[in-house]
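Colleague: Spelled out from the first residue to the last, the chains are:
Protein chains: 2
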Amino acid sequence: MPDDVISYLEQNFPADLEAVREFLRQPSISYTGEGIAETAELVRQMIADLGGAARVIPTAGHPLVYGRLDEGAERTLLYYSMYDVMPADEPGWSAPPFAAEIRDLPFYGPSIIARGAVNTKGPTAAFFRALRGYKAVRGKLPVNLIFVVEGEEEMGSRQFNRFVPAHKELFADAEAVLFPFFEQDEQLQAFLTLGTKGILYFELKARGGDWGGPRSRGIHGCFAGWVANPAWRLVQALSTMVGPDDRILVEGLADGAVPIPAAERQLMQEQADLYGTQSFLDAYDIKRFKWPGEGVDVWEKLFAEPTLNIDGIWGGYTGPETKTLLPHEATVKMDVRMVPNMEPDHVVAAIRNHLDRHGFADIEMTVLNKYYWSKVPLEAPVTQAMLRTYEQLGHRPQVQPINPGSAPYWVFERVLGIPYITGGLGHGSRQHSSDEYCTVQGILDFEKSMVLFLENYPQVAAAAAGSR
Amino acid sequence: MPDDVISYLEQNFPADLEAVREFLRQPSISYTGEGIAETAELVRQMIADLGGAARVIPTAGHPLVYGRLDEGAERTLLYYSMYDVMPADEPGWSAPPFAAEIRDLPFYGPSIIARGAVNTKGPTAAFFRALRGYKAVRGKLPVNLIFVVEGEEEMGSRQFNRFVPAHKELFADAEAVLFPFFEQDEQLQAFLTLGTKGILYFELKARGGDWGGPRSRGIHGCFAGWVANPAWRLVQALSTMVGPDDRILVEGLADGAVPIPAAERQLMQEQADLYGTQSFLDAYDIKRFKWPGEGVDVWEKLFAEPTLNIDGIWGGYTGPETKTLLPHEATVKMDVRMVPNMEPDHVVAAIRNHLDRHGFADIEMTVLNKYYWSKVPLEAPVTQAMLRTYEQLGHRPQVQPINPGSAPYWVFERVLGIPYITGGLGHGSRQHSSDEYCTVQGILDFEKSMVLFLENYPQVAAAAAGSR
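One line per chain: the protein sequences are A and S, in this order. To convert, take the position in the first sequence, counting from 1, and add 1151; that gives my numbering. To convert, take the position in the second sequence, counting from 1, and add 1151; that gives my numbering.
Mixed in with the good hints, there may be bad ones.
[Claimed, not checked] Pulled a few chain A residues facing chain S out of the computed Cβ check, cut under 8 Å:
| hint | residue |
| --- | --- |
| 1 | Ile1370 |
| 2 | Gly1466 |
| 3 | Asn1520 |
No wet-lab data here; the hints were simulated from the structure. Positions of the beta carbon are idealized from the N, C-alpha and C atoms, including for glycine.
Please work from the sequences and hints to get the whole structure.
Modeller: What follows is the structure, given as structure tokens:
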């Protein structure tokens, strides 16, 4: 245990906390571009302050920040993160989303309320403070670092996904990837995820055409006796895709899906006592799951099955009062979360075929984004180093076979051919919702876990190399 | 034929046209309140300019304009109209909606493009100019008039529907109601409608609750494997209400509906050659009707059956790009158009029962408006006087058993106990859409038909009284 570094982090924590809050006060909203340029520059500065060489790289979208910090170490890790956040325009914020105010939350104690507190500017700022602390005590980090911090994660990492394949040489000496994150859940249970689901995000649009319906504009609702309604058509099409029991009815959508590997399923079973789900329901204000079941079976629903979600739906008159209208189009935004070994192009084809076979060939499908799933081997040194870190800090992590969310980690696995790990102590929640938060205590715990991981990794990797 | 009056109208038409355009340039949008007070005052002034006594009557919503014009005549008609219009915020306007520019339209020739051109400020302004012309030539009108002009027709006539029952004495001497309107269709075919459908306008809202789903805010879309989605629930509920063949599946919804009276059906059959529907399809840019069939059968679909329309639907993320969200609620605005003798409260109960029986007791139903249907007897003097007017002006009107739209005419029939007629030559279209218009020629034709009707009515009424 690097006690000297940990003491330093504890003593200097007030300044670190203020630095994290300061970073959270800078908006950086993907969708509007607000604060994007300013925030990219702040990240570049954070790398430079550590003595690294960093630059802001323009792209067709929001810029990437790339940097290198050569510490003369034997091994090099790639630090990946993002500096953008979701919009904060939903109702229900009890504090301004970019004020980073500290509120005393029940159970969690003092916590920062801010957009980005957990996803992901809180961990990002805290990681740099941890590195700074380590260097202040020891002079040099135990690994070299390459940094890549993107600004479009919340819009599908479009620039990042193109940049890495086109510039593999910038990442050639990295042997694994670290994505630092607050990985303690609502009950402060630490967890470790061994992959991420893939995502296919698309729109379906029904509009008037040869089949009927008004083709160029909404018409008076009184003509519903004569004229078909694209909103009804979209409803009918959607109702063929998911049954009343919530099961996906799109034939072939789940083709290729494999069960959770036996070793991971075994690990989940052994950890069943850790797998509390009530805290999830409480945290998200949900009365019941959509499936019956208990324990590991419930978790398997989240990890092992694809989903077909409605993200948004709209059409016609959505204002106040009673405008009568027969709209000419209606649209739904949907996403499919894919488990190994589903492939997005196959899912697209399955949905298109389903619509066609059910008589909805006129409904237009537009793919807005797709990510492949990715998996991290349990035996990879980054995984084992993170497990050791948690254990050293007194946490028995819950190992999850996959993250039900999506992230562009397939780029590391499929393009760079290196494993990656998401990890860190710390707790925050309500990402993508109002009152996103992270706990103050969690920031310090996170910093400790990061410096410990950076020491553990070269040892675990060397042992693994030696045993081969 | 009052040739002197008609000559006067023709000679003075340029000034009348400018007066109509001037009135259309004054916005009067129900939903926003923009220009409502100003427009009510303009209407009051128009009555006063004829020598009538008029006042703007405040209500809990937009004011009503009420007036009386005593011409010392034997008979008194009630003039009903509205001074409010729909919003004009939809895309697709080729001229500013409140500029009342004149454009040369294919087939129709010079026409005014403006919100309200046909519905209903165009006819309203032209009616007052016709009265002015009549009085300029003859000194006095052949009937006394009571005026009531409301400002919330596009929001469901809520104030009007309360005001009339509470102030019956203000209408006691009216023996029938005239609602002047441009009643020539896209082929310039005149028509006469013998009633209006009723409307029930309501919202259905699915939100997270005991059944599942997030209860207080949208959550990250990745949890779709665990958490039910209110948007899917709304889709499932809607799909039980209307079949893929567009037939209404809500049991009991159409209870009470009676066929079109035999005499009216006979009239429709005789007029089958007048009943072109292609012009409707062309005008509204629609490729096909939702039902197969031809001639009178097609019209019967519009007149004799209730409809269940989706006016608008929304829920979740509806912005650009790919925000992943599992929304906590989804809402649909719907309307049922009721034919005689359906009753709105029965329809509400049928829908509620349907949802409950299909397992959707949690879906909330909010009634926003309801109108009863109304019918006008073919033999009523106002009907016969309007028929005679059209014939005298060389038009063989198409008689329609009911207007598929809705209007608060049940107030006349059920509260005041007097018949009403909607009528007038003239053509306009695209109401509630972009590029609403009325033809310039139609305004003059309308003025002529109105002065003729005012002469015809007392004669027809006297003959009917004598024959009793």
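Colleague: Now look at each hint and say whether the structure bears it out.
Modeller: Each hint tested on the structure:
Restraint check, A/Ile1370 versus chain S: the minimum CB separation of about 5 Å is within 8 Å; hint holds. Because the closest C-beta pair between A/Gly1466 and chain S is about 5 Å apart, less than 8 Å, the hint holds. At a threshold of 8 Å, the smallest CB-CB gap from A/Asn1520 to chain S is about 5 Å, leaving the interface hint in force.
The structure shown violates none of the earlier numbered hints.
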